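Number of protein chains: 2
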Amino acid sequence: MSAQKIVIIGGVAAGPKAAARARRVAPDAEITIIEKGKLISYAGCGMPFYLSGEVSKFDHLFETTYGVIRNEEYFWREKGCRVLTQTEARSIDREKKEVHVENLVTGEKYAVPYDKLVIATGADPFVPPIEGLNLKGVYKLNHPDDAQKIKEYLDKGEGGEAVIVGAGFIGLETADALMKLHMFCSVVELQDQILPGVLDADMAEVLAKKLTEQGIEFYLGQKVLKLEGDEEGNVTAVVTDQGTIDAELVVVSVGVRPNVELARQAGLTIGETGAIAVNEHLQTSDPDIYALGDCVENTHLVSGKKVYVPLATYANRQGRVVGDNVAGGDSVFRGILATGVLHSMGFNIGRTGLSEKQARDLGYNVVTSLYHGFDRTHYHPEHGMVLMKLVTEEGTGKILGAQALGQGDAVKRIDVTATAITMGATVEQLAEVDLGYAPPFSTPIDVSTHAANIVRNKVAGLAETITPRELKQKMDRGDDMVILDVRTEPQFKMRRLKDNRVKLVVLGDLREKIDEVPRDKEIVVICALGTRSYEALRTLKGAGFEDVKYMEGGLQAWPYQL
Amino acid sequence: MSAQKIVIIGGVAAGPKAAARARRVAPDAEITIIEKGKLISYAGCGMPFYLSGEVSKFDHLFETTYGVIRNEEYFWREKGCRVLTQTEARSIDREKKEVHVENLVTGEKYAVPYDKLVIATGADPFVPPIEGLNLKGVYKLNHPDDAQKIKEYLDKGEGGEAVIVGAGFIGLETADALMKLHMFCSVVELQDQILPGVLDADMAEVLAKKLTEQGIEFYLGQKVLKLEGDEEGNVTAVVTDQGTIDAELVVVSVGVRPNVELARQAGLTIGETGAIAVNEHLQTSDPDIYALGDCVENTHLVSGKKVYVPLATYANRQGRVVGDNVAGGDSVFRGILATGVLHSMGFNIGRTGLSEKQARDLGYNVVTSLYHGFDRTHYHPEHGMVLMKLVTEEGTGKILGAQALGQGDAVKRIDVTATAITMGATVEQLAEVDLGYAPPFSTPIDVSTHAANIVRNKVAGLAETITPRELKQKMDRGDDMVILDVRTEPQFKMRRLKDNRVKLVVLGDLREKIDEVPRDKEIVVICALGTRSYEALRTLKGAGFEDVKYMEGGLQAWPYQL
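In order, the protein sequences belong to chains A and B. Those letters in the first sequence? Residues 1 to 562, per full-length UniProt numbering, in order. Those letters in the second sequence? Residues 1 to 562, per full-length UniProt numbering, in order.
Hints are computed from structural coordinates only; laboratory data are not their basis. Accuracy of the hints is not assured; some may be wrong.
No copy labels: a pair is met if it fits in one copy or bridges any two.
[Said to hold, decoys possible] The calculated DSSO-like cross-link candidates involving lysine-lysine, where the alpha carbons are at most 30 angstroms apart (straight line), are:
(1) Lys513 <-> Lys541
(2) Lys398 <-> Lys305
(3) Lys458 <-> Lys5
(4) Lys493 <-> Lys57
As the structure is a prediction and not an experimental result, all values here were calculated from the model.
With these hints in hand, go ahead and build the complete structure from the sequences.
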C-alpha cells in the first residue's frame, strides 16, 4: 500500500497548521500544500504592527519563534511537507480524487492526486463597487503585498490625511498604526456605529468617544460614493453621501468574503452564510474533503446557529482538528463564541458570545449589566479603567455574552467570560470563580465578578438601573425627574451634565440631606463609575423612596457632550 | 420591633465589606463594627507597593477610588455603619447575645448586644521563636504600622543588605520592593524551595533561578536560629543552621495564623486547620454567629477538603455572602481554588487548584504538561515568555490545577484555568475555549490551549516527555543515552548542556541526518522551549525510533547550571 496522500489547498495559516499536525500524527503520509501566492505561512494579523513600525522587519512576519523563515524549504526540512507556491488549484475532480493545478510561473498544468483533500482557501477582502479604487494611494490590507505597498508610501514620510473605510477590527488597528506615524486619521463607516456586529451600540458609542478624544475622526452612517484623485492619479478625497473628506491615503477595510469558488465548482455544499459548510469534524459534504479557516462557517456555541466569523485563531485551532482527521483520527471542532479582541489608541477592546442586540434578535429575554472600574487596585500605578457589559439570560442566569473596553486589561476579563460561557456558566458561577488577586493584576473583587454581581443585584431587585443612552433619551424627551449627582463637589465642578434637573448631593451627605430629595419625582442617581450611585440608590430605597434608578457605568461611560 | 442589630468584630477588609453589603440589603439594620486598631478598611495588600514607593502616599491605602479616606466618619456618612475603633472585643456571651468590649483608650468596658454577630478577626503574622526579634531593624509586614516603620527605615536611604525570612508571597513581594530601592536582598526559607505549598518544586526551581539572575540570593532549606545585633541593638546578621548572612534590615514573613481565640473562648467550633469552621453560609457552629476572611477555613473546590488559605479576595467576596445572610438572605460561598498570584522582579507568577504534589498526596493519578512559549505573538514588541504547568486527572482528563510564571502575562492564563476548573472542565474543554486573539494579547493558539494540547498529545501517545529535573537525575546517574539538541547552531554555541552525551542535529537537518542518530540508545530530545524537540520526537518516531522522549519546557526552563 502506498503512502496516504494528503493535499492541502492554501498555504497561509490554516493549511500549514493542518499539514504540520498531520505530519506529526501520520509520519508516512505524503503531504502537499498548494499555494497560489509566493509567500506562505505568514502572520497576517501582524500587518498593522508592521505598518506602525512596531514590527521592525517584514521578515519577522514569516519567522518561527527561533528565527527560521517559514518558506518552502522550512516546510520540507522541518515538517516533511512539500509546498508548491505560485501554483493555483483550478478545480477538484472528486471522482478521480485529484486537484487540477496550474503553475503560475511556467503555465504548466497538471493533476495532483489525493486521498484526503483539505480546502484552506481563506478569504479575500470585500471591495465595495465604488469609483476611484485604482487611484494611487488607495490600498487594502489583507495580504503582505498590501502591507508592503502601504509601508512604502508611509516610509516616504509625507504624513498627511488618511481615510480608512470601515470601522471594523482591521480598520481600527490600521487607524492605530497610522496615528502612531502622526497621520491624521478619519474612519468612514456605513453602519451608524463603530465595530458593528462586534459591540453593542452603547459600548461602541463610549469607545468612539474615547477614540475621538485621542484624535480619530469618525464619519458614521455614511456611504462612500467614490474616491477622487488629481491629474496625476493620486487620491485626494473620499466622497460620501454626506460630504467630502480630504485624503492622501485611503485604506479600504470593509470586511472579507470567503473564497468558496473552488468548493462550489466541485459541488460541495455552501452554507447559508456563504461560506463552506462543514460538520464538527470539519468535513465538507464530501467525506474525503475537509475545509477550515476563513473559508468555512462555524457553529455559534451559544445560539447554535451557523455564523461566518473568520479569525486567525480558528484557522490555527482547526488545523489541529483537520490534521488529526486527515491522518485517520477523530477530532472535533465544536464551534465558536466569536470572541474578538483589539488594541487601538491605548484602548483594549474585547467581546465574546452574543451581544445584547444579537441575543434579543434571537429571541432571548436578557438581563444586562454594565460595570465600570479599575483593572487593578486604584493605588497601583499601572491601573486602568475597564467598562464591562455582561449579557445574561433572564430566568436561567446563563451568560450569553460579554463586551469590555478600556485602557485597563479588558481582554483578560473577556477570556475569563469566554471560558465561563464555554462551560455553560451562570452569573452565580462566574461570580464564584476564584480569580487571582494581587494589586498589580486585579482588584480584590475582579471586574468580571462585579459585572456578574450587578446582574445578581438587578435580578434580586436591589438595583434598578438606567443606561446612559436611556437617560439621554429621557432628558431629550423632557421627562420630569431629578438627576441626583452624588459625586464630590470638585468632581461636580469639573464636569457634569448641563441640565436643570441635575441636583448635587454628595454621597456622604445624603443621609442627613435626604429631605432635600423630592419624594414625588422619579430619581436617577449618577456618579463617576456607578458605584456611589448604587450606594445612594440603596440609601434612598431604605428611606422609602420608590422610583429610583442609578445610571450604570457612570459619567465616565457617558458618550455624549458634557 | 426594634431594628436588627448586626455587630461585626474586625474592621480591616472582611468586616467592612460585610457591613457595607448588609447595609445595602437591610436599610433598617443597626450595624456596628468593632476594631481594636486605630485604622480601618485598609489595603493591606498594598503595603509592599508603599515600601517600594509605587504607592506614593500612605493615605492611598485608605482611600476609595474617588479619593475619600475610609475612616469612621466615612462609614457613618456613606454607609450608615457605626465604627468603634481602638475597641477590643474581649468575649462573646452567646446566651445573652452580646459582645463584651473594652475601649483601649479610656479603659471603659461595656457590652454590645447583637442579633447577628460577625467574626472577622483576621490573622496575625506567625513569628518563629528565635532570639533577636527585638533588635532594631527587624520587622514584620502585616499591619500598616509595620509598613510605616520599614518605610521610615528605608527613607533614611542607608540601603545595604536586607534579609527576608520566608519565601512566600509576602516575602517575594517585599524582596521586589526592596530591590527596587537598590537594597541587596537575601531570602531565607525553611523549606527547600521558594513558594512552598504554592508552586511545585520543579516550577519553583525555575523561578528561583530567574530571580537569582535578577540579583536575589536564596538560602533554601535553612532554619533561622537567631538574629545577631551590635552593641547599639541594631541587627547585623541572620544566623541559620548552615551559616551567617549579614543583615541591616530583616523582614520576617513566614506566614500568618488565624485569630481564633475569641471564637474558641465562645465555644465555637475550630476546624482541623486551626481556623474557625464555617458552613457554606459562612455560619459558625452558632447559627447567629458568622465568620469570614483570614480567620476561617475554606473548602477546596477540587479536593473537597478543608484548607486554610487566607487571601484578601476571599475576605471581600465572603463579605457579600455574610452581608446577605446577616440581613436575612440566603447566600453561599462554596469554596476556593487557592488561586494565588504575585509579581516580583519583573516576573508574573500564578497558581490555582491543586499542585502536582498536592494532587498526588491526595491519591490522584495525574498527567501533567509543561508548556513554554510567548504570551503574545513573538513579533509583537511587548511579548514575554510564560512557562505553564497543567495538572490533570488521568482517565477523566479533568483539570486539577495550574501554575504559570514568566515575564509574560502568566496570570491571565491562571484566571482562565481557574474559571475552567470551577466549572469542572476537562483538558479537551479548556483547549476548545474561544479565547481572544490579537497580536498585542496572545498567540493564535494561546498558552493555556497549548498546555492543554500537550496533555492531549501525551494521553494520545504522541509525546513521551521528561522533565528537566528527571533529565538532570538521569545525567547525574550516568544513564546511557543520547541528548539530542535540535536547536540552531548559534543557539547551541551560545548555551548548552555540558555533557558528552549531548549531540547537536539542527531540526531542519534531522530528516537527512537521521542515520547519525543511534537506534540502540535512549534518546532525549531538547530544544529551547520544547516545541522543536516535540517536532523532532515525532520525526524520530515516524522513522521507527522507539525509545524517544522530549524535555518539556526546554532549556529555558532548565533550572541548573548551563
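Next item on the list: Could you work out which earlier hints the structure fails to respect and list their numbers in ascending sequence?
Entry: none
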